[in-house]
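There are 2 protein chains.
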Amino acid sequence: MVSDFEVSKMQYHAEVTIGLKSGMLDPEATTIKKALEHLGYPTNSLQMQKRFILDLDAASRDEARFKVDEMCNRLLANPVIHNYEIVLEESG
Amino acid sequence: MVSDFEVSKMQYHAEVTIGLKSGMLDPEATTIKKALEHLGYPTNSLQMQKRFILDLDAASRDEARFKVDEMCNRLLANPVIHNYEIVLEESG
Numbered sequence: 000m001v002s003d004f005e006v007s008k009m010q011y012h013a014e015v016t017i018g019l020k021s022g023m024l025d026p027e028a029t030t031i032k033k034a035l036e037h038l039g040y041p042t043n044s045l046q047m048q049k050r051f052i053l054d055l056d057a058a059s060r061d062e063a064r065f066k067v068d069e070m071c072n073r074l075l076a077n078p079v080i081h082n083y084e085i086v087l088e089e090s091g
Numbered sequence: 000m001v002s003d004f005e006v007s008k009m010q011y012h013a014e015v016t017i018g019l020k021s022g023m024l025d026p027e028a029t030t031i032k033k034a035l036e037h038l039g040y041p042t043n044s045l046q047m048q049k050r051f052i053l054d055l056d057a058a059s060r061d062e063a064r065f066k067v068d069e070m071c072n073r074l075l076a077n078p079v080i081h082n083y084e085i086v087l088e089e090s091g
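Protein sequence lines correspond, in order, to chains B and U.
For the first sequence, counting from 1, position 9 maps to 8 in numbering that gives the first Met the number 0; every step adds exactly one.
For the second sequence, counting from 1, position 14 maps to 13 in numbering that gives the first Met the number 0; every step adds exactly one.
If you're looking for bench data, these hints aren't it; they were derived computationally from the structure.
Please read these numbers as outputs of a predicted model, since none were measured by experiment.
Don't take each hint at face value.
If chains are identical, the list can't say which one is meant, so a pair holds when it fits in one copy or spans any two.
[What the hints assert, rightly or not] Dumping the calculated DSSO-like pairs for lysine-lysine here, alpha-carbon to alpha-carbon at most 30 Å:
(1) K33 - K8
(2) K49 - K32
(3) K20 - K33
(4) K33 - K49
(5) K20 - K49
(6) K32 - K8
(7) K20 - K32
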């Protein structure tokens, strides 16, 4: 007989938004701002962010948040220069 | 005497989110998904998006939306492979 001892896992949906900390130069954004100006679309300010939308399994909301936080710190973002924001919801 | 005929401009704040159309392959996202797995953080799905946060002047909300739409079509996105979403609000 197989064990019926099983950890139930929930699925969580996370949206991670990563941007440069204020004060950090963003040459890509500056270039795009200038290019838009040349095309006739001046802007007063332009910032860029990256977004990761992911689904993961975890035993609890806290575990899911911990995991996504670790993903950011270890791979997705560079904590020295980036800020990140995690929006998490249960998805089933 | 200088003319007091002046078009009043409002400032608008726009958040543009750009992602690949469904069905388009995203090798960067696939690579990051694999890298997360190797680090011990498996995900069920992972997508990437780009975000532009910009402020612009326009005479009306419609004009602002039209301008941002043109920016997307002409520079920020590639309409053949990307979807984009514009969230616009008056900022002063």
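What hints, given by number in increasing order, does this structure fail? Hints that this structure does not satisfy do not exist here, as all of them hold.
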